[in-house]
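The listed protein sequences correspond, in order, to chains A and B.
Our numbering numbers the first residue of the first sequence as 1 and each following residue consecutively.
Our numbering numbers the first residue of the second sequence as 1001 and each following residue consecutively.
Calculated from the structure, these hints are not laboratory results.
One should not assume that every hint holds.
[As the list claims (entries may be wrong)] Restraint ranges, calculated between C-beta atoms of paired labels, are given here:
| # | chain 1 | residue 1 | chain 2 | residue 2 | range |
| --- | --- | --- | --- | --- | --- |
| 1 | B | P1312 | A | R288 | 29 to 39 angstroms |
| 2 | A | D53 | B | L1179 | 22 to 32 angstroms |
| 3 | B | K1147 | A | E68 | 53 to 63 angstroms |
| 4 | B | G1013 | A | P269 | 19 to 29 angstroms |
| 5 | B | G1013 | A | L187 | 14 to 24 angstroms |
[Stated by the list, open to error] Taking lysine to any residue and the SDA-like style, the derived pairs with C-alpha atoms no more than 25 angstroms apart in a straight line are:
| # | chain 1 | residue 1 | chain 2 | residue 2 |
| --- | --- | --- | --- | --- |
| 6 | B | K1010 | A | G271 |
| 7 | A | K372 | B | R1308 |
| 8 | B | K1147 | A | P186 |
| 9 | B | K1167 | B | L1179 |
Beta carbons are placed, not taken as given, at the ideal position from N, Cα and C, and that holds for glycine.
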Amino acid sequence: MENNSNFETRKPPVATTGILGWCRQHLFSNWINSFITLLVIYFLYQLIPWFLDWSVFSADFWTNYKGELIVDRTFCSRVADPEGDHGACWAIIIVRFYQFMYGFYPSEQVWRVNLTYFLLVVALLPLLIEKIPGRKHLIKFTIAFPIVAFILLYGGFGFQIIPTNKWGGLLVTLVLGVFGIAIAFPLGILLALGRRSQLPVISMFCTLFIEFIRGVPLITLLFFGMVMLPLFLPEGLNLDGLVRVLVAVTLFQAAYMAEVIRGGLQAIPRGQYEAAQSVGLSYWQMNRKIILPQAIRISIPSIVNTSIGLFKDTTLVIIIGLLDLLGIGRGALADATWMGLSNEVYVFVALVFFIFTFSMSRYSLYLEKKLKTGINMGAD
Amino acid sequence: MQNNLFQDQKFRGILYQTLVVGFFALGLYFVINTTAYNLEKRNIATGFGFLNNPAGFDISFSPFLDFKSTDTHLKVYFVGVLNTLLVSFCGCIAATILGFIVGIIRLSSNWLLSRIAYIYVEFTRNTPLLLQIILWYAILIQLPRIKQAPQIWETFYISNRGLFGPKPIFLDGSNIVILSLVLGFIISFFIARWAKKRQDTTGQQFPTFTTNLSIIVFLPLVVFFIMGSPITLEYPVLKGFNFKGGAVIRPEFIAMFLALSIYTAAFISETVRSGILSVTKGQREASGALGLKKNWIMRLIIIPQALRVIVPPLTSQYLNLTKNSSLGIAVGYADLVHGFGGISLNQTGQAIECMAITMATYLLISLTISFFMNIYNRSIQFKEK
């Protein structure tokens, strides 16, 4: 330091530091880039104010431009005054919000749904936060959650029974997504273990099942559950529509989950198997205590990704007539009182899905980063 | 003795497998029995005889086969397969092009541009495809009616009933023009091979692209004029409430095509991005040190190496797109699931046969795509010498 004291410390040139330097580097590095930047800014300048205007500033929420309460489409500003400059009419969402959330679930029983949502958050906590106090006990609750949720939502044990054809909206979307993932996960583990099994018949069965499911579209499996399953079952055994769909969705998800977990299993070095066997662990002990905890840890980001895929795919149930979030939206549009407001409905449904899937994908990214650092630390 | 037998791993393996096969056979026997009983009770015929019965419904979109309501269910099947293949093929090509462009844009040094690509990717990946298909369809049928359809050069008309455009009419001698086009492709293939071989051995370059492009364009053009213009265009003309003549692309197809390609392109762009990022920095610097131009570095050094990483996930994206084309049922696009697995099934009631054929067809298509993509994958993998 002392040696340098007679040198004057020069600051770096202005053009490479600060906001100006950043802009120069990232937006105006050469004339093509500058041109593109200006073009993009121009488009954004056109698009963003227009969208904000449509969705917020000129939009109707509870009342229209005359200040009247909106009860059907004819009150919407853009229907009542087509010449005027009016934006979206969100009243369709506001008026039907209950349907969008719960379908036709009786309103005096709706606390059960809300309680289930709350318990879902509690059940997810030990999975999301590793250092939560009392994690071991919470995990037990997480495992029991599907049963608790089923009793709460459907009924029995003193609760009034609400048949599934009354369910709808976000409730059906979440039921299909959460139950589908929760049942498919253990099934996928078994399938993955089966596919890697030393026993040729079992490995063949699992491989055939996985490849068959992965080779056909989900919609054909849903049709299978709707039109073929009743033919396969003996008379009198009428499965509920939602259950049939859930069977199809779960089998579909299990096949994809199995492949993801198989990837994790393949990444476990041979030495782990050999070490476990040499300590005298049985096949199931080895997998439960040594192999699976490591394999699942590696494959969690991919598991979350396939779960996002499943969550989006639950919308397919509208094709066979179930009313999930999108189905309720389409139902509202088919109703003469709200016809023609498709943009509002679809934007709203897209937004709800986006909130769920985007937060899931952020979470998977966070896990991926955490895992990477964990592995690096191990290597060092 | 028995105790020992159970501790024998081999014996246990055989026992478990026998049990699995036994349970499976038992289950199968049970299912077949109940199904036969159920079918008999509901008076549903079995077998594939229904395929030859007339369908009795119309299909609005059948660009390859001429379909009438008196045609058989078998023809419904073929129309469905062709429609599925058509939208999947067009979708795969468009998704690949768009996906590569977006993937490269995401790595662009222009911050604003790469942010916009990022927003596009996140929004399309995180909303359901079915919603996007329905949304595109809803937008397309909000277009002006046929009477007020905006036009481009009095040739193309954009309306809520589809995109109308000219239709080529093939007169006598048009075969020769088409043949010359095929010939052009064959010649350019051999020129490309010869040019590559020469460059490999002598290092001399040959303007392959321009030569081949001119062969493919000019050869058929010259033949076209020699034969006296045997291909003419038939323009759509507004008559009453609809267009007469010309060709039309229905909004169902456009909605499917746009949604499938835009949705899949978002996924492809991510694999392209990770593929390009997987090429080490040294490769770029070394090629820069050799004095290669910037776009040459991309084309000759980065992309060929990135392809090795990109192609396997690309294959599964193609498979996904093909399977997702079954969502056409939501907007009434007459693909395999909508036409054969939907309407035919409902009319004949032969659920098992229709679903089995539909599923088998999808399996066959999936296997074919992975077969060809595996061949391509093997051809671009690094060959160790």
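Evaluated hints:
As the Cβ distance of B/P1312 to A/R288 is approximately 32 angstroms, the hint placing it in 29 to 39 angstroms holds. Between A/D53 and B/L1179 the beta carbon distance is about 57 angstroms. The supplied range of 22 to 32 angstroms is therefore violated. Take B/K1147 and A/E68: their Cβ atoms lie about 34 angstroms apart, and the range 53 to 63 angstroms is violated. At roughly 25 angstroms, the beta carbons of B/G1013 and A/P269 sit within the given window of 19 to 29 angstroms.
For B/G1013 paired with A/L187, a C-beta distance near 22 angstroms keeps the hint of 14 to 24 angstroms intact. Taking the CA atoms of B/K1010 and A/G271, the gap is near 23 angstroms; set against the 25 angstroms cutoff, the hint holds. The straight-line distance between the Cα atoms of A/K372 and B/R1308 is roughly 23 angstroms, inside the 25 angstroms bound, and the hint therefore holds. The straight-line distance between the Cα atoms of B/K1147 and A/P186 is roughly 58 angstroms, outside the 25 angstroms bound, and the hint therefore fails.
Note on B/K1167 and B/L1179: the hinted pairing holds, with a Cα-Cα distance of about 20 angstroms set against a maximum of 25 angstroms.
In this structure, the hints that do not hold are numbers 2, 3, 8, in rising order.
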